[in-house]
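Asks: The residues making up each chain are set out below.
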Amino acid sequence: MSDNIIETSGLTRSYGDICALKPLDLHVPEGEWLSVMGHSGSGKSTLMNLVGGLDRPSAGSLRVGGADLLALSEDGLARFRRESVGIIFQQHHMVPYLTAVENVMMAQYFHSVPDEAEARTALERVGLGHRLKNRPGELSGGEQQRVCIARAIINSPKLLLGDEPTGNLDHKSTVMVMELLKELRAEERFTIIMVTHNQEVAAWGDRTIYLDDGVLVREERMSS
Amino acid sequence: MIAVKLIPHLLSWFGIVLILLRGFPKRRSVVIATSIAGFVIGVVGAFLLLRVLTGSVGFVIITSVLGMCFLFLWGVSVAAIYSRAGRGVTTGWGVRLVSTPLCAGSVTAISGIVAGAVCSCTLPAMDSTLMNLAMLGSISGALAYVLAYAALAVEKRISHSFTVSPSGMISAVVALQLFSSSSIIRLDLFSPLSMKVMKFAHDFVHQFMESMLIPDHVFVWSYLWRYIGLLFGKEIGFWGGMFIWFTPVLLVMCAVQYERLPSVAHIRQGAERRKLLAAAIRQRRLRLVVPFIALLIFTAAAYQSCYPNVEYWDPKPIVVTATSSGEIIIPMKSDIDLEDGKLHKFLFKQGGKEARFFVLLGPAAKLTVDLDACAICKPDGYGQADGTVICYYCKTLIPLETVGKPGGCNPVPITFTEKKDGVHIDALTLINEWTNTVQSTTKGKEGGK
Amino acid sequence: MKRLLRLSGNLLTSRFTSPVVIGFFLLLYIGVAFFTEEALITQMELVRQSAVLVALLSLLPLNIASRIVAEMLRYIERRRLFSGTAADNESELFDETIVLAVSPAITGLQERLDGLGYRTYQTERSLSAWRGVSIFPARVLFLSGVFCLFLGILVSLVTRTSYRGPVIEGVALPTPSGNGGVVEQIRLEKSTGSILSKQLSMEVAPARPGDARVSCGIYPPTRYQGSFVYPRFLGVALLVQFSAPDLQKGFEKHAILNIYPAGKEAAVEIPDSPYRLMISMAESGDGSDPYMTGRMNFTCKLLKGNEMLFAGNVPGGGEFVRDGFRLAFPDFRRMVITDFIRDYGVLFVWSAAILFGASFLFWLPVRLFFPLRQMLFIRHGTDMIRACSRTEGKEKMHGGVFNETLDMFDAGRVERKTNLG
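Protein chains in written order, with our numbering: chain U, 1 to 224; chain G, 225 to 673; chain C, 674 to 1094.
Just to be clear, a hint being listed does not mean it is correct.
[Said to hold, decoys possible] In silico SDA-like pairs for lysine to any residue, Cα to Cα no more than 20 Å straight-line: (1) C:LYS1067 - G:ALA489; (2) G:LYS629 - C:GLU710; (3) C:LYS937 - G:TRP449; (4) C:LYS871 - G:GLY586; (5) C:LYS1069 - G:TYR482; (6) C:LYS871 - G:VAL636; (7) C:LYS871 - G:ARG450; (8) G:LYS423 - C:PHE707; (9) G:LYS423 - C:LYS1067; (10) C:LYS863 - G:ILE438; (11) C:LYS1067 - G:LYS458; (12) C:LYS1067 - G:LEU501; (13) C:LYS1069 - G:ALA489; (14) C:LYS871 - G:MET436; (15) C:LYS937 - G:PRO439; (16) C:LYS863 - C:ALA935; (17) U:LYS158 - U:PRO136; (18) C:LYS863 - G:TYR447; (19) G:LYS458 - C:GLU710; (20) G:LYS458 - C:ALA706; (21) C:LYS1067 - G:ILE468; (22) C:LYS977 - G:TYR447; (23) C:LYS871 - C:GLY790; (24) C:LYS937 - G:THR661; (25) U:LYS133 - C:GLY788; (26) G:LYS423 - C:ILE703; (27) C:LYS871 - G:PRO439; (28) C:LYS1069 - G:GLU496; (29) G:LYS423 - C:LEU699; (30) C:LYS1069 - G:TYR447; (31) U:LYS133 - C:GLY790; (32) G:LYS423 - C:GLU710; (33) C:LYS1069 - G:ALA502.
[To be verified] Residues from chain U that keep clear of chain C, each with C-beta distances beyond 10 Å, as calculated: (34) VAL113; (35) PRO114; (36) GLU116; (37) GLU200.
Derived by calculation from the structure, the hints in this document are not laboratory data.
By construction, the Cβ of each residue, glycine as well, lies at the ideal position given by its N, Cα and C atoms.
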């Protein structure tokens, strides 16, 4: 059995005449931190959407965690997303009138069984044990992103996807978030795929791939 | 016509087999075999029963069996809720019993027999010759075979995650049996149930007040007594009947809803725990579907019972007068034929008082004259249908054989003489009987203890 | 013998005994209802006359009493476990029990649970945490209510005796023993109560020297010489004198007439004659209640067979004379038809009502707002921990805390959390 959590072969995504992602063969071993870099429109987000089950490919094969995403029904795909994938966006997409702990509990509703104690623990793990009852507006950008991380890991995903998660953060907060992700990955052993423009952020990963116009043009392995 | 009449009963039976197949997933062959055999036995057995036993005895037996099925559902539902609500109540032996082939076979066979018997009650008059019996057996067997395998085919297409608890299965089966029987007025359970509840409420309130030494209406504010009087009306019978009718299936739903979720303390990952609990909750919700359908079927059965699709023969009373000697004489044959086996209603008025009565030729070719009222209900009168008369107030069916006998909800019989020129009734006796009956029943229903 | 004893013990303490017995009596009722219109009364009579049914019915209070004892023992055992003084056989006492192969880190845990609103108690080998109030008192009250209810029904069915007699002013109270005191006065007054519209009092003089005077009212019924005095109907004790031209001898009788309220008729048969009197109390002109005021007029009809000879009003103490007929009421007194009921079961049923009320009043707020949630962590050696949990409400919340605590044990994160907090 393969140790790769992601295996793509000829993975393609077209929007009409526009081919956002050209046939791509990619293998991501379980537990790896993969950074995806490229210019705007290079296909980074398309790749992340496909891998996260948010979009369906036009051609090729795509297996994530042993599941053939092309073969899954809409219900199956939804189950895959809620049980296997955690996503952190640049925009935090938090409900402004809910507290930090309630925002994390929102993600638990995907399993219909909210658990406040568990949400609280998740926030404590990201260092926000003292900010449980604060609303997003009362938190700094870095703290908000940490709530998003707690929300992303609450369902113990196999795969954590980050779409420019530090794009809006200053240097100090960026480092704090990256350190946190590193620490959590060591504990939870999930795989991270992080799309970024920032070379410094990409350097936190084990490997970086570069996309240009939907084609994988370069691959770089980081020294530990 | 008979085929149209049979459709709801056959559909009910189809539903019963479908539910039983899903309820006993490992005993499909047993369910199929016993359900077909049970159905045939039920059809042929009831056919014989209704023709061998005279009068309404056959119907009483079948109704009693239906009543026992309903009581069984009550027992199952109470056991189900008790085992869910009580800590330390173990019902493992019950679960093991349900999964045995013997249990599957007996439940299915009984369900089949009852369904077959109910179907048989809609069959037209036929002699119980060997030829007819053989024909009936073959046709019912063929029908049962086709429907059972159709149910099997449907059941195989239903998702495996759609499970049914034993109590849910029983509730749906009994609901379908009662739905089927409620369309036949002589097998209807809901109306007699309401009647019995009305009587029980009356007795219970009376007994309770006596036992607790609660003062009589002489000492209690009349507005307050009017509320107590509500407990003596037919509404309490209806609502009490509704309560008894729906409670078992509601208890089954509660038992499913409050099933204890599996212990997840051994799992050390929150998401896994929630996933397991969510799956258990989903299973629980799916198990609620069958009892919910049963609830709808019970509602349909109660509706069918309250508004039966039966036209009662209820002629407008003909006004009659008395002779100078105080006798009412109704000729045997005039515009109406007293001996045609139909209910003939008359109205007699004298000195500001009036009395309604009817004349009927019973199945034993004997005439009877009765008040259009009974000794216990308000005088709403009677209608006639399908070998019975029905009391409009409490919906009790009185078999024609017993019309003319006093007691219970039977019409109050009136003394009369049968002569060549017709039926002779003493006008004063009639008026007095009516006045006494109506006075006592009206008082009884309006709050006297 | 031993087996029989064990079987009896199981029968008494089983949770199934009461529902099964109740179910049996329900079925019996349904069976009886098939044969008679008076099903309830018939069933009560059946039970009274059958020792087997009485024994079966007595299983109910016995079963409930044994349940109370069993549940109390369990409660005490659980309390001992929580105080760290009981042996380690707790699995049946909790909803969830789990053994974890982890290194116990109880110090940090206690602080954490304190922070979550749990009160904690730590011994050398265990840590117990609880929150809220136990509904056990409500449970005991409820079971005691059920016990009293069934005991009351049993006692009432088996021992109730009832004797009906007229209580008349100036006459001794007609008790079953026949030695009641004289009724000095019967008073009926209007009441301003929310339930009763009238107040009745029957003043009874001491039956023997040294006895107290007793005033018997309506509700709650007064007890007199061991019996409840249960007034049923009001009426008049009337001395009726009647003579007719064709009657050789006059007729005189103390008639007990159930003729309240005014207008209600009662018959007085004149023996060995075709005459019959129909007597009722006449309405007073001013709208007052003649029974209350004592100013009574009687409306009388004289019937000969079915034929009414005449009708008229006769004042209490007065007479009516016409065509050789004479009707007089020289004496009239207030009268109350009263049941003397000896039934101790009633006391139990009243107690049951009070216990049910108290139980509900305790249960509702506790169950809604402060249900008990308990956890117990017991150290087994250096690398094992046994964790137990039990709730009486708010299961989800408590389950989360319990599981989270176990997660922390598992990850050895108790101390780390303390740092973070």
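Asks: LYS937 (chain C) and PRO439 (chain G) were given as a pair; does the straight-line alpha-carbon distance stay at or below 20 Å?
Replies: 19 Å, holds
Asks: Please verify that the nearest CB of chain C lies beyond 10 Å from VAL113 (chain U)'s CB.
Replies: 8 Å, violated
Asks: Once the closest CB in chain C is found, is it more than 10 Å from PRO114 (chain U)?
Replies: Non-interface label fails for PRO114 (chain U): nearest chain C Cβ at 8 Å, not farther than 10 Å.
Asks: Please verify whether LYS423 (chain G) and PHE707 (chain C) have alpha carbons no more than 20 Å apart.
Replies: 12 Å, holds
Asks: Can the restraint linking LYS629 (chain G) and GLU710 (chain C) be considered satisfied, given a maximum Cα separation of 20 Å?
Replies: Holds. LYS629 (chain G) to GLU710 (chain C) sits at ~15 Å (cutoff 20 Å).
Asks: For the pair supplied as a hint, LYS1067 (chain C) and ILE468 (chain G), confirm whether the alpha-carbon distance does not exceed 20 Å.
Replies: This hinted pair is violated, its Cα atoms lying about 31 Å apart.
Asks: Starting from LYS423 (chain G), check that the Cα of LEU699 (chain C) is at most 20 Å away, please.
Replies: 15 Å, holds
Asks: Does the structure keep LYS423 (chain G) and GLU710 (chain C) at a Cα separation of 20 Å or less?
Replies: It holds: about 8 Å lies between the C-alpha atoms, which stays within 20 Å.
Asks: Given the hint that LYS871 (chain C) pairs with GLY790 (chain C), does the C-alpha gap stay at or below 20 Å?
Replies: 56 Å, violated
Asks: Do the alpha carbons of LYS458 (chain G) and ALA706 (chain C) lie within 20 Å of each other, as the hint requires?
Replies: With Cα atoms ~18 Å apart, LYS458 (chain G) and ALA706 (chain C) stay inside 20 Å; holds.
Asks: Does LYS937 (chain C) pair with TRP449 (chain G) here, judged by a C-alpha cut-off of 20 Å?
Replies: Holds, at about 19 Å.
Asks: Regarding the pair LYS458 (chain G) and GLU710 (chain C), is the alpha-carbon distance no greater than 20 Å?
Replies: Distance ~16 Å between LYS458 (chain G) and GLU710 (chain C) Cα, so the pair holds.
Comparing the model with each numbered hint stated earlier shows that hints 4, 6, 9, 11, 17, 21, 22, 23, 30, 34, 35, 36 do not hold.
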